[in-house]
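J.: Here are the chains, one letter per residue:
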Amino acid sequence: MKLAFVVQRYGAGIAGGSEGHCRELAERLSSHHDITVLTTCARDYVTWENALPAGPATENGVPVMRFPVARQRRIKIFADLSDEVFDGAAPPDRQQEWFKENGPDTPGLIDHLRSHGRDYDLVLFWTYRYSPSYFGLPLVADRAVLVPTAEEDPAIDLSVLHEFFDRPAGYIFMTPEERDLVSSRALHSLRDSVVAGIGLEPVAATPSSRAPIDQLGIPADYLLYLGRVDRNKGCDALLDNFQEYASTRKDVTLVLAGPPKMQIPEHPQIRALGYVSDEVRSALLAHARALVVPSWYESLSIVLLEAWNHGVPALVNGRCKVLAGQVTRANGGLYYMFPAEFDEAADYLLAQRAERDAMGRQGLRYIDREYRWPTVMARVESLLQEVYGRTSRPRRQPASAAGVGVN
Amino acid sequence: MALAGETSVPVDAVMTELHSRVRERLRAQLLASGGSRDFEDPALFADVEALLHAAAGTPEAAKLILPELLGEPDTWRLSTSMRYQSHRSKGPAALLILVKRYILMPAFRWMYEYSRDNFERQRRTNHVLFACVQELALETALLRRELRRLSGDRE
Chain A
2 MKLAFVVQRY
12 GAGIAGGSEG
22 HCRELAERLS
32 SHHDITVLTT
42 CARDYVTWEN
52 ALPAGPATEN
62 GVPVMRFPVA
72 RQRRIKIFAD
82 LSDEVFDGAA
92 PPDRQQEWFK
102 ENGPDTPGLI
112 DHLRSHGRDY
122 DLVLFWTYRY
132 SPSYFGLPLV
142 ADRAVLVPTA
152 EEDPAIDLSV
162 LHEFFDRPAG
172 YIFMTPEERD
182 LVSSRALHSL
192 RDSVVAGIGL
202 EPVAATPSSR
212 APIDQLGIPA
222 DYLLYLGRVD
232 RNKGCDALLD
242 NFQEYASTRK
252 DVTLVLAGPP
262 KMQIPEHPQI
272 RALGYVSDEV
282 RSALLAHARA
292 LVVPSWYESL
302 SIVLLEAWNH
312 GVPALVNGRC
322 KVLAGQVTRA
332 NGGLYYMFPA
342 EFDEAADYLL
352 AQRAERDAMG
362 RQGLRYIDRE
372 YRWPTVMARV
382 ESLLQEVYGR
392 TSRPRRQPAS
402 AAGVGVN
Chain B
93 MALAGETSVP
103 VDAVMTELHS
113 RVRERLRAQL
123 LASGGSRDFE
133 DPALFADVEA
143 LLHAAAGTPE
153 AAKLILPELL
163 GEPDTWRLST
173 SMRYQSHRSK
183 GPAALLILVK
193 RYILMPAFRW
203 MYEYSRDNFE
213 RQRRTNHVLF
223 ACVQELALET
233 ALLRRELRRL
243 SGDRE
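As you go down the protein sequences, you meet chains A and B in turn. FYI, the numbering used here numbers position 13 of the first sequence as 14, with every residue one higher than the one before it. FYI, the numbering used here numbers position 50 of the second sequence as 142, with every residue one higher than the one before it.
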């Protein structure tokens, strides 16, 4: 099949869940499909500043076509517009304006889809919230596969999305909760879809050495938070919960590994390491008593899967349906909704060693069952064949056959 | 809980046990701080907690009855977004909006964001309270219906 992958940013050095997912799929599918990645020249997801050369390139064997961003994101105007449209009852034109301001505003990419979109058998779009997906997908709706990476954040309640979510010919979801969320926002039941997620490679069978974290003076009993330390990730509540908890448990430490984007309190039981090397990251994951994921909004927590891949259980924010669903399906940890539950769940994971280890193993079995690359790619491939098979027939038939195929 | 080694540990069972411990802790704290003596009955407390828990978990996007009955949202709903408006005629209005947006707003953005965050919390609390009232009204209506049925049975 000739496939186009539309994504807001693309490249080996670009961090980001949806961008990483797109790149993994492009590289893995490129051996048996003709793939072109259509993306922007941006590296920075806040400003969308042009940083990479426009035009064709090849990245790890995958052809990439980059289009310049016409205008950097106007942060304050975007913030005000976000307040306005998330406040509810904003008219459709203001909601559409929100997608335009969110960017990346890439007219060349949209023009390409308008003039060449039908040269591709299928066009896959990553992340519903960005301008290339919102404005590009309707141009090739009959062959579009959406990877929404939707979360239960305010954007998902925009009323213009009811119609948008009806348009794609197929969907690739990260979790069953994400599928249910998008289904609940679409006007009609969704066409072909698959819950695929992302794949992980097994970690080495030999236990990871503690040496890199011993050098940092990390004690044995620690809970680990991995990622950007940010209010948007629920870290403010985590730090409050933990400080309350630590007042009665002097033997436990919270280790934060990731760039700080907020004030971290000075506390003898909180260790903020900032950005850490892959070696330290891996050792932290392997030896943690539990990984803490305090986020309210997730379409799939990759770091949660990584913890299970190391056989480590998780303690997650139960108000995020995706996290609670993942933990329950995997039997790989516990969830909390308020501070008293955080205390009890943390106590349980720290004190009940046998049960904690069993939950970690159960998490690992879940990864083996659901999130190895061959399993994930088989799901994706099957969905693409299904959508192509269904949508290509009406394209090739004369007008008299209209009405057959796409429902 | 006697679960160890290779034995499977079902999360649902552990969470049920943790919830029950948390409930007991809350009940004890409530009674110690002078709460209703009716909560000395753990089963009653569990019923009350379950009802409020369900209401507190109502999704933000869920439609509720009470807000609909309150009428036009502009007359009661907390509005947390900044709207640049002026009642003056076209030319002066444009100038005023320009001043508000590009001079006053950048200077006071920190204060606006501080207030907005607090209003957001209040809005969320209102939503939960609306949901609680609805849940209680539903419960009352069901009990009334049951009461009527039972009195009918006796007659």
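Hints are computed from structural coordinates only; laboratory data are not their basis. Predicted model, so just to flag it, every value in this text is computed and none were measured. One should not assume that every hint holds.
[Said to hold, decoys possible] In silico EDC-like pairs for lysine to aspartate or glutamate, Cα to Cα no more than 20 Å straight-line:
#, chain 1, residue 1, chain 2, residue 2
1, A, Lys251, A, Asp231
2, A, Lys262, B, Asp209
3, A, Lys77, B, Glu205
4, B, Lys192, A, Asp241
5, A, Lys77, B, Asp104
6, A, Lys262, A, Asp241
7, B, Lys192, A, Asp81
8, B, Lys155, A, Asp88
9, A, Lys322, B, Glu164
10, B, Lys155, A, Asp158
11, B, Lys155, A, Asp154
12, A, Lys262, B, Asp104
13, A, Lys3, A, Glu25
14, A, Lys3, A, Asp81
[Said to hold, decoys possible] To spell it out: a stretch of chain A is covered by chain B in this simulated footprint if at least three of its residues, at any positions, have a beta carbon under 8 Å from a beta carbon of chain B; those stretches are:
#, segment
15, 133-143
16, 342-350
17, 353-361
[Said to hold, decoys possible] Calculated Cβ distances over 12 Å to all of chain A for the following chain B residues:
#, residue
18, Met107
19, Ser125
20, Ser128
21, Ala185
22, Tyr204
23, Leu228
We put the CB at the ideal spot given by N, CA and C, even for glycine.
J.: List in ascending order the numbers of the hints, as given earlier, that are violated by the structure.
T.: Failing hints, ascending: 1, 4, 5, 9, 12, 14, 15, 18 and 22.
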